[in-house]
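So the sequences go chain by chain: R and G.
Positions in the first sequence are counted from 1; adding 1 to them yields the numbering used here.
Positions in the second sequence are counted from 1; adding 1 to them yields the numbering used here.
One or more of the hints may lead you astray.
Which copy? The list can't say, so a pair holds if one copy fits it or any two copies do.
Simulated pairs of lysine to aspartate or glutamate, EDC-like, Cα-Cα distance not exceeding 20 Å [what the hints assert, rightly or not]: (1) 117 to 459; (2) 24 to 465; (3) 113 to 138; (4) 349 to 141; (5) 458 to 55.
Source of the hints: derived by calculation from the structure; they are not laboratory data.
This one's a predicted model, so the numbers in the text were calculated from it and none came from an experiment.
The lines below spell out each chain.
Protein chains: 2
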Amino acid sequence: MNKEAMKLRLDFNNMMANLIGEKGISEEDFAILEGKIEAAEKAMVEKRANGGMDWRDLPYNQDEIVEDIVDYVEANKDWVESFVVLGIGGSALGPIAVQQAINHPHWNELSKEKRKGYPKLYVVDNVDPEKLVALFDVIDLETSLFNVISKSGGTSETMSQFMIIKEKIENELGKDAVKKHIVATTDASKGTLRPIADEEGLKSYIIPAGVGGRFSELTPVGLLPAAMCGIDIKTLLEGAAYMDEICKIDNTFKNPAHMYGLLQYISMQQGKNISIVMAYADGLKFIADWYAQLWAESLGKKYDLDGNVVNVGQTPVKALGATDQHSQVQLYAEGPHDKVVLFMGVDKYRSEITIPEIYGDVPNLGFLGGATHNKLIHTEQMATEYALFKAEQTNMTLTVPEINEFTVGQILYLFEVATGFAGELMNINAFDQPGVEEGKNATYAMFGRPGYEEKKKELDARPEKKDKYII
Amino acid sequence: MNKEAMKLRLDFNNMMANLIGEKGISEEDFAILEGKIEAAEKAMVEKRANGGMDWRDLPYNQDEIVEDIVDYVEANKDWVESFVVLGIGGSALGPIAVQQAINHPHWNELSKEKRKGYPKLYVVDNVDPEKLVALFDVIDLETSLFNVISKSGGTSETMSQFMIIKEKIENELGKDAVKKHIVATTDASKGTLRPIADEEGLKSYIIPAGVGGRFSELTPVGLLPAAMCGIDIKTLLEGAAYMDEICKIDNTFKNPAHMYGLLQYISMQQGKNISIVMAYADGLKFIADWYAQLWAESLGKKYDLDGNVVNVGQTPVKALGATDQHSQVQLYAEGPHDKVVLFMGVDKYRSEITIPEIYGDVPNLGFLGGATHNKLIHTEQMATEYALFKAEQTNMTLTVPEINEFTVGQILYLFEVATGFAGELMNINAFDQPGVEEGKNATYAMFGRPGYEEKKKELDARPEKKDKYII
Numbered sequence: 002m003n004k005e006a007m008k009l010r011l012d013f014n015n016m017m018a019n020l021i022g023e024k025g026i027s028e029e030d031f032a033i034l035e036g037k038i039e040a041a042e043k044a045m046v047e048k049r050a051n052g053g054m055d056w057r058d059l060p061y062n063q064d065e066i067v068e069d070i071v072d073y074v075e076a077n078k079d080w081v082e083s084f085v086v087l088g089i090g091g092s093a094l095g096p097i098a099v100q101q102a103i104n105h106p107h108w109n110e111l112s113k114e115k116r117k118g119y120p121k122l123y124v125v126d127n128v129d130p131e132k133l134v135a136l137f138d139v140i141d142l143e144t145s146l147f148n149v150i151s152k153s154g155g156t157s158e159t160m161s162q163f164m165i166i167k168e169k170i171e172n173e174l175g176k177d178a179v180k181k182h183i184v185a186t187t188d189a190s191k192g193t194l195r196p197i198a199d200e201e202g203l204k205s206y207i208i209p210a211g212v213g214g215r216f217s218e219l220t221p222v223g224l225l226p227a228a229m230c231g232i233d234i235k236t237l238l239e240g241a242a243y244m245d246e247i248c249k250i251d252n253t254f255k256n257p258a259h260m261y262g263l264l265q266y267i268s269m270q271q272g273k274n275i276s277i278v279m280a281y282a283d284g285l286k287f288i289a290d291w292y293a294q295l296w297a298e299s300l301g302k303k304y305d306l307d308g309n310v311v312n313v314g315q316t317p318v319k320a321l322g323a324t325d326q327h328s329q330v331q332l333y334a335e336g337p338h339d340k341v342v343l344f345m346g347v348d349k350y351r352s353e354i355t356i357p358e359i360y361g362d363v364p365n366l367g368f369l370g371g372a373t374h375n376k377l378i379h380t381e382q383m384a385t386e387y388a389l390f391k392a393e394q395t396n397m398t399l400t401v402p403e404i405n406e407f408t409v410g411q412i413l414y415l416f417e418v419a420t421g422f423a424g425e426l427m428n429i430n431a432f433d434q435p436g437v438e439e440g441k442n443a444t445y446a447m448f449g450r451p452g453y454e455e456k457k458k459e460l461d462a463r464p465e466k467k468d469k470y471i472i
Numbered sequence: 002m003n004k005e006a007m008k009l010r011l012d013f014n015n016m017m018a019n020l021i022g023e024k025g026i027s028e029e030d031f032a033i034l035e036g037k038i039e040a041a042e043k044a045m046v047e048k049r050a051n052g053g054m055d056w057r058d059l060p061y062n063q064d065e066i067v068e069d070i071v072d073y074v075e076a077n078k079d080w081v082e083s084f085v086v087l088g089i090g091g092s093a094l095g096p097i098a099v100q101q102a103i104n105h106p107h108w109n110e111l112s113k114e115k116r117k118g119y120p121k122l123y124v125v126d127n128v129d130p131e132k133l134v135a136l137f138d139v140i141d142l143e144t145s146l147f148n149v150i151s152k153s154g155g156t157s158e159t160m161s162q163f164m165i166i167k168e169k170i171e172n173e174l175g176k177d178a179v180k181k182h183i184v185a186t187t188d189a190s191k192g193t194l195r196p197i198a199d200e201e202g203l204k205s206y207i208i209p210a211g212v213g214g215r216f217s218e219l220t221p222v223g224l225l226p227a228a229m230c231g232i233d234i235k236t237l238l239e240g241a242a243y244m245d246e247i248c249k250i251d252n253t254f255k256n257p258a259h260m261y262g263l264l265q266y267i268s269m270q271q272g273k274n275i276s277i278v279m280a281y282a283d284g285l286k287f288i289a290d291w292y293a294q295l296w297a298e299s300l301g302k303k304y305d306l307d308g309n310v311v312n313v314g315q316t317p318v319k320a321l322g323a324t325d326q327h328s329q330v331q332l333y334a335e336g337p338h339d340k341v342v343l344f345m346g347v348d349k350y351r352s353e354i355t356i357p358e359i360y361g362d363v364p365n366l367g368f369l370g371g372a373t374h375n376k377l378i379h380t381e382q383m384a385t386e387y388a389l390f391k392a393e394q395t396n397m398t399l400t401v402p403e404i405n406e407f408t409v410g411q412i413l414y415l416f417e418v419a420t421g422f423a424g425e426l427m428n429i430n431a432f433d434q435p436g437v438e439e440g441k442n443a444t445y446a447m448f449g450r451p452g453y454e455e456k457k458k459e460l461d462a463r464p465e466k467k468d469k470y471i472i
């Protein structure tokens with residue numbers, strides 16, 4: 002493969018004031034931040050060197066793990082008809098994003114032969130009882146392999162699913178079957194799931210201690226489900242490694258990940274609190290969901306590193322082109338200048354389809370005849386970019402030469418580095434998520450979990466709701 | 002059915018300053034708007050009476066249409082294995098939302114028997130060539146019925162799909178087969194698709210002239226796909242009619258649709274430019290996509306009715322509970338106070354599943370044993386509501402007693418009226434979408450469509466992009 006030909010391109014012309022007008026970013030805006038940018042560049046290097054960003058090394062230190070996964074897949078794929086991920090957050094969004102990008106959009110409806118012998122993929126990320134019950138209408142326990150993913154083993158949603166399924170396997174297939182039907186992905190030594198996995202004799206994979214959930218797609222969290230569906234995980238990691246080289250460029254203005262972080266940082270300062278990712282490819286639609294977690298959870302923070310209350314963070318929004326031209330673009334074009342739109346485009350789609358030359362005399366249709374859908378969607382992307390340009394709505398475009406393992410690896414890595422860099426500029430901790438504790442603790446208190454009595458008292462003391470505000 | 006027991010409830014306690022603190026809305030905020038509210042209430046009545054909101058009458062004037070649809074479904078469902086909607090915007094989002102709410106989440110993977118004899122449903126809303134080519138890997142042309150939906154017949158995406166499929170049917174099944182395999186939903190007399198449908202002798206349904214795309218789910222646009230998948234469209238309309246009675250209450254403070262519009266209007270005035278819909282039910286997840294179009298396209302406007310440039314509109318965001326507690330809630334809890342969160346909850350899920358009492362001695366897991374997932378997801382919803390309350394993030398909750406045709410009809414109708422009312426308060430036209438024209442015209446110009454030569458010149462004259470802004 003010609004790696005150079007598969008390199009992503011970030012075009013941020015339409016972010017710049019000298020093209021888009023005063024709603025854009027000026028060279029002066031950059032100049033003012035010179036010191037801050039240099040400090041952030043330096044911090045990225047230092048943090049990596051000091052082990053503060055272990056996810057950056059994932060493209061390089063997993064040869065043995067990849068081999069193990071590939072062997073495991075080879076040994077099991079023949080008997081497995083359904084591979085079921087039990088995971089939530091990054092443990093679900095990453096696997097879904099990569100599967101949808103690389104594999105057939107109707108994967109689970111294909112015959113096993115058309116799936117080249119690989120199983121169907123289900124991702125159970127919610128505790129909606131309707132959904133889990135429905136799953137058992139379409140899978141056969143005897144030919145299902147469940148991958149429980151939780152670093153801490155304390156994730157109520159995932160672990161309760163695990164408990165239900167383990168019990169079900171024991172009851173229906175016998176106690177010995179658990180080993181065959183469940184594979185665990187968890188911490189090497191800490192937490193609740195590791196001792197259970199060891200005790201039950203489960204095959205297990207490790208989530209490295211220094212890698213958080215939303216940065217874990219390139220660990221076994223994402224690699225195992227991907228490989229199980231026939232995705233070439235070695236090339237996925239090579240794509241990430243290739244992007245890492247680009248992300249090491251110490252000049253932010255030549256470094257697409259740093260540049261993305263910088264542009265968003267300035268945009269946030271200018272009051273643009275919405276980050277839209279609008280992919281012009283169905284295959285990339287779920288990358289936007291994965292990005293939404295990465296961007297929201299990393300940058301949505303109450304405190305900065307000096308302890309000041311800052312309440313920062315952009316809200317990520319997923320959109321799909323051309324589809325959402327008929328849903329969201331009216332707002333993007335005419336609404337407030339409160340958003341940054343990232344278009345994700347594809348140079349070459351993996352299929353081609355031509356519109357027949359019929360209805361030549363009908364003005365609305367005639368011009369379409371003989372063109373391809375490839376040309377149509379491309380043109381619509383450019384036209385929407387133009388419409389937003391004209392409306393002075395800041396936007397940029399990330400172009401993917403073609404969707405494949407190598408480019409998807411690049412995309413994931415680029416956004417991860419961009420997130421880290423934005424966090425540096427914002428002077429926040431991009432790698433924690435203290436804000437989710439309150440809801441967890443309230444859940445425990447409502448459940449009457451021992452140790453949460455104080456929280457229960459706090460809940461009981463909350464002001465009573467008024468009837469007149471319920472209609 | 003006890004209709005009263007199936008009534009939706011809107012709880013907006015956590016929008017109010019006397020509960021949530023100064024980030025909320027005060028009774029005084031309401032008082033100041035008294036005149037404006039009354040004017041909007043009056044305008045809603047008048048607009049309806051003057052034929053300015055024909056969609057409001059859809060629950061009442063379609064007896065014959067419903068009968069026709071039901072007959073058509075009965076006459077065809079046996080030979081149809083795949084029902085394929087060709088539509089975009091409201092013509093796709095509505096059918097998807099209702100199907101996902103009412104039917105099995107893995108509908109297309111069920112046997113026809115388990116689908117009670119009804120076909121699979123595919124909605125082709127994009128022109129990504131990969132997606133359309135992939136569709137033909139999973140459907141058989143001989144057992145497929147295509148529903149082309151376009152009011153004007155000028156929708157390039159949908160009409161090009163229609164052209165491709167019509168040609169394919171003629172080539173593979175013969176010219177006579179077109180009539181059997183394509184059903185059209187379009188305007189009664191105007192536009193490009195109507196004469197084609199008549200000429201080809203297609204069975205066709207009518208989109209009423211006064212009903213726009215995003216308000217069309219309760220016309221044959223949504224009714225035909227729903228009925229074809231066994232959904233009781235009569236009850237869907239009854240639910241809408243029931244909600245209409247509630248929406249006619251002339252006191253906004255007792256009218257959930259008007260209240261929703263008012264609360265969002267005040268929130269927008271206070272700078273809250275993001276409207277999140279977080280459903281605690283997989284079945285309601287796609288209602289949020291449908292809402293996103295309705296809310297974005299209706300309220301995202303550059304001009305008010307007096308011709309002032311206002312650039313208004315909230316950006317809608319879809320979230321799913323409990324799943325997105327592990328993705329978005331960190332941001333909602335700690336980020337800027339720039340959003341209104343609407344939780345959508347369910348009193349009674351259609352299934353129940355119990356967590357087994359195992360691992361009783363493991364603190365992280367023991368408290369879960371014996372509880373149901375129903376209780377877990379409910380509790381998590383309440384806990385998240387509490388977490389946002391504590392963080393002074395304004396939120397409200399729309400509770401659905403149970404997901405069924407009657408309640409889904411209510412939901413759709415409630416949001417439609419809420420949108421209309423918000424539009425009145427904002428003094429904008431909620432029923433047009435002038436902002437999508439620019440992109441359409443640019444597409445035509447780039448395609449070299451006759452009549453768009455001036456636009457082409459304008460495009461060619463746009464400032465050139467700089468290489469240094471592409472990395």
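Here's how the hints hold up against the structure:
Within a single copy, residue 117 and residue 459 get their C-alpha atoms no closer than 56 Å, and across copies no closer than 50 Å, so neither meets the 20 Å cut-off. Proximity of residue 24 and residue 465 under a CA criterion of 20 Å is satisfied inter-copy only: 18 Å between copies versus 45 Å inside one chain copy. In this assembly of identical chains, the alpha carbons of residue 113 and residue 138 lie at most 20 Å apart whether taken from the same copy (18 Å) or from different copies (13 Å). With identical chains, the CA atoms of residue 349 and residue 141 are never at most 20 Å apart, being 38 Å at best within one copy and 27 Å at best between copies.
For the identical chains of this complex, residue 458 and residue 55 are neighbours neither inside a copy (40 Å) nor across copies (52 Å), given an alpha-carbon limit of 20 Å.
This entry does not satisfy hints 1, 4, 5, going by the numbered hints stated previously.
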